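S.K.: Protein sequence lines, in the order shown, are assigned to chains A and B.
Okay, so the first sequence: first residue is 1 according to this note's numbering, each after it adds one.
Okay, so the second sequence: first residue is 1001 according to this note's numbering, each after it adds one.
No lab work stands behind these hints, which were simulated from the structure alone.
It cannot be assumed that every hint is accurate.
[Claimed, not checked] The following label-pair restraints were derived from C-beta to C-beta distances:
| # | chain 1 | residue 1 | chain 2 | residue 2 | range |
| --- | --- | --- | --- | --- | --- |
| 1 | B | Asp1142 | A | Ala195 | 23 to 29 angstroms |
| 2 | A | Thr413 | B | Phe1210 | 55 to 61 angstroms |
| 3 | A | Arg330 | B | Glu1231 | 34 to 40 angstroms |
| 4 | A | Lys334 | B | Glu1011 | 43 to 49 angstroms |
| 5 | A | Leu333 | B | Asp1142 | 50 to 56 angstroms |
| 6 | B | Pro1072 | A | Pro177 | 36 to 42 angstroms |
Remember, predicted model here, so these are calculated numbers, not experimental data.
Just so you know, even glycine gets a beta-carbon here, dropped at the ideal spot from N, CA and C.
Next come the chains, spelled out residue by residue.
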Amino acid sequence: MSEITVSAAPPLPAAAEKFKFYGLWLAAAIVLLLLPRIFGSGGSLTTFSLIGISIIFSLSYNILLGQTGMLSFGHAVYYGLGGFLVIHAINILSANKLPIPLPVVPLIGGLTGLAFAALLGWVSTQRSGTAFAMISLGVAELIASSALILRTFFGGEAGISANRTKLLKLFGWNFGPQIQIYYLVAAWTLIAVIAMYALTRTPLGRMCNAVRDNPERVQFVGYNPHVVRYLAFCFSGFFAGIAGALAAINFEIANSAYLGAVQSGTVLFATYIGGIGFFIGPIVGAIFVTFLSLGLSDLTQVWQLYFGLIFIAVVLFAPGGITGLLMMHRPLLKAGTLSRMLPSYAIALLPTLAMIAGGILSLETIVHYTVNPGDDSHIKAFGVSFDAASPYIWAMAAILLIGGYLVARKTWTWVGHAWDDATSVAREKGIAP
Amino acid sequence: MTAAIELRRLEKSFGEVSIIRNISLSVAQGERHALIGPNGAGKSTTFNLISGYMAPTSGNVLLRGEVISGLPPYQINRRGLSRSFQVTNVFANMSVWENLRCAVLWSTGQRYAFWKNIDNLPDVRDRTAQILTDINLTARRDVPAGLLTYAEQRALEIGITVAGGADVILLDEPTAGMSRAETERAVALIRRLTEGRTLLIVEHDMSVVFGLADRISVLVYGQIIASGTPEEIRGNPKVREAYLGEEAA
């Protein structure tokens, strides 16, 4: 190998970069350890646990969607089956007093997800695109309806429950208190995130990207795209099973909702809103969507409607998701032109917020008249009380919505100009492509 | 010596329509063989049949004496036959480096490994760097393939085709749509990269064909009407009438 060709390869990471890389994981571990010291209430510990579970589930989904280009409408199948098997496993383990502690149990969920993905995936991964999406939907419906029919295993409507504290104690922990469950979830989240990140940096992980981009060409460099998709599907099922297992341990129950279309839809939302093009996208999405679903349901009756609107807005205006939006600004930050964007953002913020407020006011008024027309017209949404029957409110909603939109549209054009300006400077400096 | 590629009474029809009508052809090892003919003669279909993209209706394709027709493309590729595409067919969202690396992986025995760090494979790294240097895209290493210029994408296409080290290379119109200067560079590249390998090339540019090929076959309406050295083909009256004559006129 000559000197010239060696230098053609990208430089191997220097010691400082490696240090930074491992430091990042170490920092994540320390943050997870210290979080309960700062937010120690039962409620926040539950929220953190749910976020951890959602992060594993969303990342497992992105192995399919973002990395291999497979759109699944039934990913909850592997999450749910992992959860059910774990509840049964806990009951069997505690009835027979088998010496297996709770921290190992999520692995049972993972292996369940893996086994079912291996079983159900061979046929569905023959094709990607529409065929795969349709089969995933069919399989999901099949499993979800069996959950209501096969009562002995799935427990019907009520589901099945278990007592997680009856297993072998480890270091005196019985995993009754939420703080212990938090640490269990946090540890598994860190392990799963590292494992899934490592997977993207293997020959299989790179061939997954190749299959996503061009499955036809993959065949002509010696790889069978079906096998690549199948292996990705199996890994995805494994990590989904771990997430389902942690959920079952957290709630001490598994029911048909675990397997259902809503669960499959939520993971698609979270992953897409976070951004499927980046490894951290689903993590951002999981955090955002968990907070949103917990927060919005307290603020408004029709929180799912807002959820849907946000999803549509992301698909239409920010297909890269939240992470994509943030990453767009990186070249500007490097070129030092990010500050040029700030004034136009500030100007656009006010009319845009006015438009959104007008939209919310209109929506809540319509909801009042369509959903509870007989109730008192003094309603409260997002912590603000108003009279849905008052013509002043209607007028205000209309002015905010229409006026806000008209002004906001102008300011968005300014944002566009500022953007072109800032990126062209970055391009001149050779930073933006 | 067994032929690198041999086509035996190959036929392909779509329903009633017959595209390839009884082709027999033999390409010796180390030979540069060009397939020429008017549009719609079945040149790309022939490539599709050889590379496993389509299965023949009847007849056989042999690679070094072994029947390969009916095998899926990836198995044919693993046996040492690689092809390029007429329309650029790369991994558009991945960088040039990633594109070439994917093309190198199978031949270095990585298979579907999910336990190895891809940046820790010196063999893969060296071969990818070698190909990257060969196709003169070192300066564009980290650019997504979809953002390359047309000529660069064509070079990458050839790079992906030869990266796996296949000793039988099929190139489908590698210089189509290129300027004179770009064509000359591409031909020099092809000559260099296929040194010591067997090359079957479809090309419309006659200066490329006559400059590069050891032997030429002329395909018209799904049949080979002549096969021979460039001189023989140039002097063949049937070829002049059916094909070359059009250009001479």
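S.K.: Hint by hint, say whether it matches the structure.
M.R.: Outcome of the hint check:
The hinted range of 23 to 29 angstroms is satisfied by aspartate 1142 of chain B and alanine 195 of chain A, whose Cβ atoms lie roughly 27 angstroms apart. Checked against the given bound of 55 to 61 angstroms, the beta carbons of threonine 413 of chain A and phenylalanine 1210 of chain B, roughly 57 angstroms apart, stay inside it. The supplied range of 34 to 40 angstroms is broken by arginine 330 of chain A and glutamate 1231 of chain B, whose beta-carbon atoms lie about 60 angstroms from each other. Between lysine 334 of chain A and glutamate 1011 of chain B the C-beta distance comes to about 59 angstroms, which lies outside the given range of 43 to 49 angstroms.
In this structure, leucine 333 of chain A and aspartate 1142 of chain B break the distance hint of 50 to 56 angstroms, their C-beta atoms being roughly 19 angstroms apart. Checking the proposed 36 to 42 angstroms range against proline 1072 of chain B and proline 177 of chain A shows it is violated: the Cβ atoms sit about 56 angstroms from each other.
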